[in-house]
Amino acid sequence: MLADRLARDLYTELSKLPFVDPHSHIDPRSAPARSLDDILGYHYYTELSHSAGMPQDCLAADFEPKERVRTLLSWLDRIDNTAQYRWFIEICRSFLGFKADRVAASDTDFLWSQAEKRMSQPTWEEQVLKQTNVEKIFLTNDFDDSLEGFDTARYVPCLRTDDLVFKLDDPKVRERLAKATGVEPTDAGMLRQAIGTLFQHFVRKGAKACAISLPPGFAPTKIDETVLSQGLLDLARGEATSSIKALVSWGVFWMLAEHCQEFDLPFDLMIGVNRKVYAGGVFQGQDLFDQRTSLIQYADLFNAFAKVLFPISVLTSSQNQELVSYAWIFPNVIVNGHWWYSNIPTFIQRDLTARLQAVPKTKIIGYYSDAYKLEFILPKFDMFRQLLAKTLADDFVRTGSCTESQAVSLGQQVLCANSKAIFRV
Amino acid sequence: MLADRLARDLYTELSKLPFVDPHSHIDPRSAPARSLDDILGYHYYTELSHSAGMPQDCLAADFEPKERVRTLLSWLDRIDNTAQYRWFIEICRSFLGFKADRVAASDTDFLWSQAEKRMSQPTWEEQVLKQTNVEKIFLTNDFDDSLEGFDTARYVPCLRTDDLVFKLDDPKVRERLAKATGVEPTDAGMLRQAIGTLFQHFVRKGAKACAISLPPGFAPTKIDETVLSQGLLDLARGEATSSIKALVSWGVFWMLAEHCQEFDLPFDLMIGVNRKVYAGGVFQGQDLFDQRTSLIQYADLFNAFAKVLFPISVLTSSQNQELVSYAWIFPNVIVNGHWWYSNIPTFIQRDLTARLQAVPKTKIIGYYSDAYKLEFILPKFDMFRQLLAKTLADDFVRTGSCTESQAVSLGQQVLCANSKAIFRV
Amino acid sequence: MLADRLARDLYTELSKLPFVDPHSHIDPRSAPARSLDDILGYHYYTELSHSAGMPQDCLAADFEPKERVRTLLSWLDRIDNTAQYRWFIEICRSFLGFKADRVAASDTDFLWSQAEKRMSQPTWEEQVLKQTNVEKIFLTNDFDDSLEGFDTARYVPCLRTDDLVFKLDDPKVRERLAKATGVEPTDAGMLRQAIGTLFQHFVRKGAKACAISLPPGFAPTKIDETVLSQGLLDLARGEATSSIKALVSWGVFWMLAEHCQEFDLPFDLMIGVNRKVYAGGVFQGQDLFDQRTSLIQYADLFNAFAKVLFPISVLTSSQNQELVSYAWIFPNVIVNGHWWYSNIPTFIQRDLTARLQAVPKTKIIGYYSDAYKLEFILPKFDMFRQLLAKTLADDFVRTGSCTESQAVSLGQQVLCANSKAIFRV
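Residue numbers (numbering that gives the first Met the number 0), protein chains in the order written: chain A, 0 to 424; chain B, 0 to 424; chain C, 0 to 424.
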């Protein structure tokens with residue numbers, strides 16, 4: 000893929016190294032795809048096809064899966080310029096015996112049957128993992144996940160807390176919390192007890208991080224316990240105004256940070272997403288952002304929890320400069336991957352270069368897949384490795400800052416060693 | 000111009016293709032320049048020269064035109080580093096028989112007489128169009144333009160609506176509207192009738208878009224008709240506060256979007272300009288921006304008008320990431336050209352790369368000239384073609400995403416095919 | 000350092016040219032470092048090492064300096080990827096006879112003794128200046144600096160005004176002002192008299208600029224004199240609310256601009272820093288920013304003081320596009336250097352390219368060192384020269400906009416000539 004010789008050499012070395020994937024949405028009980036429908040059902044393909052004009056009827060649950068795939072494939076030529084399309088082609092080539100560089104609806108039968116044949120093999124999961132060369136994969140677990148039924152050494156649990164922070168006004172969420180912990184979160188003390196129980200459960204099961212995604216306007220601060228108790232009461236009575244809900248969000252969030260401190264867990268913050276901006280969009284293809292956000296909103300948090308590491312993802316390349324600067328100053332701010340709308344080669348290249356030039360190398364977590372199915376880890380990390388190799392070649396080796404072998408070490412650090420050190424796996 | 004062989008080959012192929020210019024300020028009844036004064040009177044040259052120290056007296060209407068040109072040429076060496084200067088040099092070389100790479104005041108006589116001789120030829124317009132290889136040029140027409148007296152197949156009318164949305168408090172604008180439509184916009188119903196009349200007129204005359212430029216703080220929403228009626232009444236009485244004016248702006252804007260839907264016209268939004276920031280600046284050289292703006296301000300609009308296509312221009316490269324993301328999610332958001340302060344090679348390169356990597360290729364309108372005189376279309380599109388060729392070479396062909404011929408097709412799509420499909424010309 | 004031949008040739012030419020450093024924190028009475036501790040005590044090393052995990056105890060005033068250096072050197076491997084690390088290596092190689100490309104704690108004795116031997120030479124200052132090839136160095140002088148005891152032709156005084164604008168509520172600052180001027184700033188008239196006295200003193204001593212750093216939220220406007228007088232009274236009584244303090248800040252700032260106009264001094268604005276964001280950080284390693292700021296906040300100022308030149312530094316690369324655009328429109332807005340968190344190769348490259356493509360070449364001040372010790376001017380300017388050479392090679396010579404010799408002239412202009420013309424030295 001890389002035309003430049005030096006970059007290609009570095010890429011070759013980096014490709015030999017096993018790595019850690021510190022954030023995914025993999026279901027560890029059903030990690031690989033079971034069909035081509037699982038691959039093309041990824042929201043990147045449904046949302047881009049829809050954006051390019053595809054009606055949504057083929058996405059209905061009762062639509063015949065193979066015909067859904069055929070429909071999607073017939074729209075993909077409209078997005079064959081995109082990075083996301085390249086991931087799909089690489090999956091087809093790496094895992095499905097496909098040889099070409101473009102797909103069409105006429106490839107449906109071949110790809111479908113290849114997928115059917117291969118994915119039904121009992122060793123498919125092992126094959127994919129081996130070919131991918133990934134050592135450990137972090138999960139995104141609901142707070143009431145039993146964490147049973149999978150190998151937590153390979154699939155590392157991670158406590159996802161969006162529901163607790165932003166949906167505690169929903170009786171079903173409070174019920175789930177009560178059921179998972181035996182505690183009704185009716186005041187600050189009870190909530191603390193419930194959260195403590197969750198952390199105990201997760202840590203006992205090998206969880207290595209707490210995580211949350213946050214809207215651009217979020218600016219957490221410490222909330223007085225009696226105020227929080229009053230807010231929780233209003234919530235329980237269904238009487239909470241939007242200000243009360245915001246205040247409870249801050250209180251719960253702050254309490255989670257306290258538990259990260261107590262339980263010695265990094266707290267992954269994924270900053271900047273507004274949910275359901277395109278209300279009529281496809282599943283998981285409705286969220287967008289407001290570039291007007293700042294890490295200054297988290298200054299209180301970073302100051303208050305000096306012992307908690309905060310691996311941070313931002314949604315825009317302009318906020319990347321803030322992230323670089325905050326990680327350069329705050330010991331507990333870690334730069335983490337290239338998230339969602341910034342997970343595009345040109346933004347990765349720019350953001351990565353700035354990080355490598357200005358953040359201590361021990362504080363850079365290079366990349367995570369954010370994948371829902373195992374097959375996506377390979378093409379995504381491969382895209383990143385190529386960009387990393389190019390950056391190391393042009394901005395480090397060629398400028399005389401590094402030898403080639405130092406560049407490979409630096410690459411290894413951001414691809415693997417830092418994740419292991421920061422999350423202690 | 001391009002040092003790289005592959006980029007040069009792609010550029011050569013792209014240069015052979017006719018293209019559409021989907022936004023300009025060309026006066027179709029006087030499309031080419033009539034003198035060198037028309038060329039150097041372009042605000043880019045007057046404002047940059049003034050910014051570099053030139054007093055404004057030479058810009059007075061009664062200043063002798065050839066001496067104005069001599070004065071401007073004497074200041075241009077201070078901006079000979081700029082992209083705008085390159086456009087001028089290319090005009091001199093392409094259309095005026097100039098051979099050098101720099102101009103000075105001492106070139107005034109030669110250039111003036113060449114321009115005089117050539118521009119007075121009856122076939123000048125045809126010569127420029129042919130050499131430029133442009134098929135269709137979109138206009139910016141005042142709402143009360145008769146649209147008579149020119150070939151609307153070549154010069155495509157476009158309803159510009161800034162006055163309706165932002166200046167309806169000006170009695171002269173209301174008068175113009177009444178005169179053009181026979182309707183006084185005294186309440187929401189009358190306004191709707193007037194706007195309907197305008198759309199009928201424009202569509203009958205071959206208009207292919209409605210367009211507007213918007214300040215960074217604009218955040219339109221649907222306004223209740225009775226509230227809008229009250230606002231229009233206040234406006235008519237000269238009693239409107241600035242809040243009432245803002246509210247009327249939203250109401251008129253929303254009504255325009257409704258008509259775009261009814262008349263099946265795309266609605267070009269050019270987002271981000273504050274008018275008259277430098278009050279003492281030269282004509283058309285007074286407007287600047289506030290980077291603190293977000294496309295989230297238009298989420299209601301995009302959701303409400305799923306059937307209306309919104310080709311969107313933004314003013315900053317950081318907002319380009321928003322535009323890329325919104326176009327990737329919303330089917331009705333189209334990315335449109337490189338506007339004004341972002342129409343600079345380095346910003347075009349960055350913004351274009353992100354668009355080509357993340358937006359469906361059918362939703363990218365590559366470029367428009369924004370020109371006031373025909374002669375500017377060639378150098379501006381040529382700048383863009385070079386940058387497009389470079390991007391296609393480095394980020395598509397060299398990365399293995401595309402063959403050369405696929406790259407040329409992609410280039411053709413963003414240079415021409417998409418404009419034709421989106422605006423239905 | 001530069002792999003590309005053309006860039007290297009341009010760099011070689013640029014390196015021969017003497018230059019002006021238009022902003023530093025050099026103490027002219029003790030300009031070079033006196034020990035390696037002075038070099039590694041630079042906040043970039045202490046803050047990055049701390050950010051990478053170094054406890055702060057070694058930074059205590061009574062910690063043995065050589066052991067502090069050993070400690071810092073033992074942490075530097077964690078930041079050996081950064082641009083700041085390269086500056087240190089280049090200092091070791093240029094001034095301390097060091098040969099390697101990496102340092103370790105084991106180099107402490109060698110480097111310490113080399114520094115001791117060389118820095119104690121009576122001609123050290125001259126040696127450093129000569130090797131650096133810098134002609135004039137601008138200072139940052141407190142308003143009550145005597146400006147005695149140094150050569151103001153080499154070390155150019157500059158009136159730093161942060162204390163006056165933002166700390167006039169501090170009795171010690173008011174006392175210092177009274178002591179320096181013989182005037183108590185108890186009302187607007189007295190304040191004007193005091194400031195006039197300061198300007199007279201500074202200009203008489205050869206000051207060539209007034210300067211200030213400003214928080215991202217600052218939006219100055221003209222304050223009525225009686226309102227300012229009331230605010231100053233509240234301040235003197237210790238009764239000023241934060242709104243009153245903000246208002247006094249605006250009033251003082253505006254009065255400084257009036258004096259810049261009267262005394263014909265450029266007013267350097269360094270826009271965007273929030274102080275003490277990381278309260279527990281190392282000395283000078285506590286400040287960060289909020290990207291949500293705009294130059295529109297200064298529109299009133301630029302309009303009101305058409306005769307005052309405002310060399311402006313911004314803290315983010317996204318605001319650089321605003322700066323480029325404002326400098327392209329406002330005759331009195333000058334782009335100035337690459338400040339702090341933007342003083343990183345990738346941001347310099349992007350920002351510089353945009354400036355060179357869109358701002359009149361006479362209005363671009365390429366770079367300043369911001370250095371505290373003379374030894375840093377060389378590696379910082381050298382980094383800039385390399386990036387400048389690369390930009391000129393790729394975006395000017397290779398695109399055909401410039402010949403090589405025109406490129407060198409353009410480089411000379413932004414490295415030296417513009418500073419001399421703008422600051423009249």
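Keep in mind the hints are simulated off the structure, nothing from the lab.
Among the hints, a few may not be true.
Straight-line Cα separation of at most 30 angstroms, DSSO-like style, residue types lysine-lysine; simulated pairs [claimed, not checked]:
1) Lys275(B) <-> Lys166(C)
2) Lys135(C) <-> Lys204(C)
3) Lys166(C) <-> Lys306(C)
4) Lys275(C) <-> Lys306(A)
5) Lys221(C) <-> Lys166(C)
6) Lys275(B) <-> Lys275(A)
7) Lys221(B) <-> Lys166(A)
8) Lys221(C) <-> Lys166(B)
9) Lys275(C) <-> Lys306(C)
10) Lys244(C) <-> Lys171(C)
Which stretches of chain B does chain C cover? Using the computed rule of at least three CB atoms under 8 angstroms from a CB of chain C, they are [claimed, not checked]:
11) 10–19
12) 311–321
13) 344–356
Every residue, glycine too, gets a C-beta built ideally from N, C-alpha and C.
(message) Which constraints among the numbered hints does this structure fail? Numbers only, ascending.
(response) 1, 6, 9, 11
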